[in-house]
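Protein chains: 2
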Amino acid sequence: MYECNLERMTETIKTFSTYGDAGHGGITRYSLSPEAIQARNEFVSRMKAIGAVIEFDDVANIYATIPGSDPKAKRIVMGSHVDSVKNGGNYDGILGVISAMETLETVVENNIAHTHPLTAMIWTNEEGSLYPPAMMCSGIVCYDYLPDDVKEKFRLEDKLATKDMLTGKTTFGEALEKSGFKGDKKNRLNPEQYLCMFETHIEQGPILEDAGNDIGVVDCVLGMFNYRVKFYGQTTHAGTFPMQKRKDALFAASQAIVYLHQEIDKLGYPELVYTTGEVSCHPCVHTCVPDYVDFCIDVRHEDAKVLDKVLNIIKGCAEKDWSGCSCTVEKAWNRDTIYWDTKLVSYVKQAAEEAGVSHQTIHSGAGHDAQFAAYMIPSTMVFVQSKDGLSHCELESSTYEQCTAGATVMMNAVLKADKA
Amino acid sequence: MYECNLERMTETIKTFSTYGDAGHGGITRYSLSPEAIQARNEFVSRMKAIGAVIEFDDVANIYATIPGSDPKAKRIVMGSHVDSVKNGGNYDGILGVISAMETLETVVENNIAHTHPLTAMIWTNEEGSLYPPAMMCSGIVCYDYLPDDVKEKFRLEDKLATKDMLTGKTTFGEALEKSGFKGDKKNRLNPEQYLCMFETHIEQGPILEDAGNDIGVVDCVLGMFNYRVKFYGQTTHAGTFPMQKRKDALFAASQAIVYLHQEIDKLGYPELVYTTGEVSCHPCVHTCVPDYVDFCIDVRHEDAKVLDKVLNIIKGCAEKDWSGCSCTVEKAWNRDTIYWDTKLVSYVKQAAEEAGVSHQTIHSGAGHDAQFAAYMIPSTMVFVQSKDGLSHCELESSTYEQCTAGATVMMNAVLKADKA
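Chains A and B supply the protein sequences, listed in that same order. The first sequence begins at 1 in my numbering and counts up by one. The second sequence begins at 1001 in my numbering and counts up by one.
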């Protein structure tokens, strides 16, 4: 049992919080922005200082590697991302990078014996805030191993041509060239050279806090689907058209959202989550009855059979009359539950027990880079409690002690994998 | 009893339908656009051809006047607008201009005796499609006579500085200067020089068609109010946050829309209309629970007491808990029912009876330039049946016969006002 250094973790978290500091306790640090490059430079100089070999791949993922006792052994990699959403917090992503740095620094400082080379890694553009989609560069690197319908979203040529969402003027490919971090495709994470992957991340939900546990032993990323539910009515003038003749698409969509809550809740699965986060309305003018409204519904649960039951309810909307409006239901995408490698999960659990850290098994409701890596090499995750379950906002918070506990658990799990 | 000319009306409607023809049976003719200027030029040349005197005021309203037998008598004015919404139809607004032209042409052609000068008029920018708000130039011209809270929206300096909604680059003032139709403020419609106003317009609703009547004798413009209902929740990640802890503002707003329909419908007023036409959502991302949603509600009825009952229901939303979200209700604007001049209304009714045209009394649910004029001089309107009640779309339609009947009714009502 080794422990990470609370004081160093605290200082490192504070240091990275200055790169993109937005002035209200959080950061805006888009991928490959000047602020993200500050964070990358800090990572590189800190890793060089402990003698790590630095490599970049062709999409600017960074790998910092210290040798193990067996020069032929595969590397064990730990990492996450340094980019954030607009007005994000100081923990999402960066905590996984800091934990990987802290692991390497602790191993070097304490001369901890290990067989495999150990790699700390930064994934480029996980949030996709400026250049969508999210998890872009893990998608590109793991491309050959992804299911076909996921693959489609991560073709390298397409992604290099993706324009930035702010000005529409710079492509991701141009940002890569300008970044100074574009390297060689041969340096990409690959199953010949890498044994397994660990990612530490904040929970982004309130489950650990509510249960009074600091650490989550993550067993899977929940299966999910996203569908779009569309309503077609007839636009008419707000002042001249009798109520009983109207076909109001916003009224229809409102009734459907209420109906879906009622019917889905009746199924009685407490772990099921579903979200209607996006709505569009046409013509969206105060003096016109809307003739078209749609919303998307994102549904997540571990069990595919539960997801099927929910999907049946949603699909049933298309069979109903919604106050004179018709309805169609269209699939946007889905993914099956991705289970982490059971051996790696057991190492994380043992490490948490040995460290005397309060912990529990938990699912990941959100997607992470490690989930794409899992198609290629055994992977797993460690979660750290999120205050109030908040993330993607400036209020995002975990204590320094919890963060250090997360790093300690990951480091000891890595050392178990190293010995296995 | 005189009759307007079906053949000329038909040709005129067809001619104006070419100015801004959008290729699908309708037009896009923003105020002061090249297409609107084509329509204005057609109006001016046709009115000059019958010897009318042409005047422009300082906001490009056009007045074409033929003399009456008494040179000192006040003018009787008829008019509407030539501008349209995006992808509008061939009748909204322009029918009132064509009917005014047709009246003058019929009077001149048949040497119909009349005492008062008769004026055909084009109001600038009634739709407000490019430069909001709607009825901008009748608001400016009638400014001194408007109620204080309406007035606020029509300050000349503010309106001249209004930027176009498409590019945000041109102000209404600049468009006026460039149009070639900017004239003198002294030419504005005013109560010293003008006796009364008539406006012919399509109904924009299905009431006349359902009753089998070609013409509506309009008695008032319905009182209305517009409020914004706002819901405040908490944004969280779609995958990580348990349902029972969520504060979903879109779910709250959907419940409120369904609730408002139930409660307002219970009041049992068949002529009451209410519309939730506009909705906004934040952050409106498929992976986030919305933390803010608002919608506007537009409510119209002749009786202020009925409007009050509805307003009480809407205001009550702020007292309720909407699945953990709070709610505020804010007034955008309101207007009292505006009754047309009863004498003028009786002339329209008599004219319809004498012409043997099927007709009925009807309220106007929509706002029109004549309603602002009514604060200044006695005014009234004639409605023409709208096929399927549709307007502000390419399907907008009335038969040539119905349009000509509308012009005939207005002309004979004008001649009655002339003799009074």
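Heads up, some of the hints might be wrong.
[Unchecked claim] Within a straight-line C-alpha distance of at most 25 Å, the following computed DSS-like cross-link-like pairs (lysine-lysine) qualify:
id, chain 1, residue 1, chain 2, residue 2
1, B, 1266, A, 230
2, A, 186, A, 153
3, A, 387, B, 1245
4, A, 266, B, 1086
5, A, 86, A, 48
6, B, 1245, A, 320
7, A, 309, B, 1245
8, A, 230, B, 1230
Read the hints as simulated data drawn from the structure, not as lab findings.
Hint check results:
1. The straight-line distance between the Cα atoms of residue 1266 of chain B and residue 230 of chain A is roughly 28 Å, outside the 25 Å bound, and the hint therefore fails.
2. For the hint linking residue 186 of chain A to residue 153 of chain A, the alpha-carbon distance of about 22 Å falls within 25 Å, and the restraint holds.
3. Between residue 387 of chain A and residue 1245 of chain B the CA atoms are separated by roughly 14 Å; this keeps the pair inside 25 Å, and the hint holds.
4. Between residue 266 of chain A and residue 1086 of chain B the alpha-carbon distance is near 45 Å, which puts this suggested pair outside the 25 Å criterion.
5. Taken as a hint, the residue 86 of chain A and residue 48 of chain A pair is broken in the structure, with Cα atoms around 30 Å apart against an allowance of 25 Å.
6. With a CA separation close to 30 Å, the supplied pair residue 1245 of chain B and residue 320 of chain A exceeds the 25 Å bound.
7. In summary, the hint linking residue 309 of chain A to residue 1245 of chain B is supported, as the alpha carbons are separated by about 23 Å, within the 25 Å threshold.
8. Among the hinted pairs, residue 230 of chain A with residue 1230 of chain B is consistent with the structure: their alpha-carbon atoms are about 23 Å apart, no more than 25 Å.
Violation of the numbered hints given earlier is confined to hints 1, 4, 5, 6; the remaining hints are satisfied by the structure.
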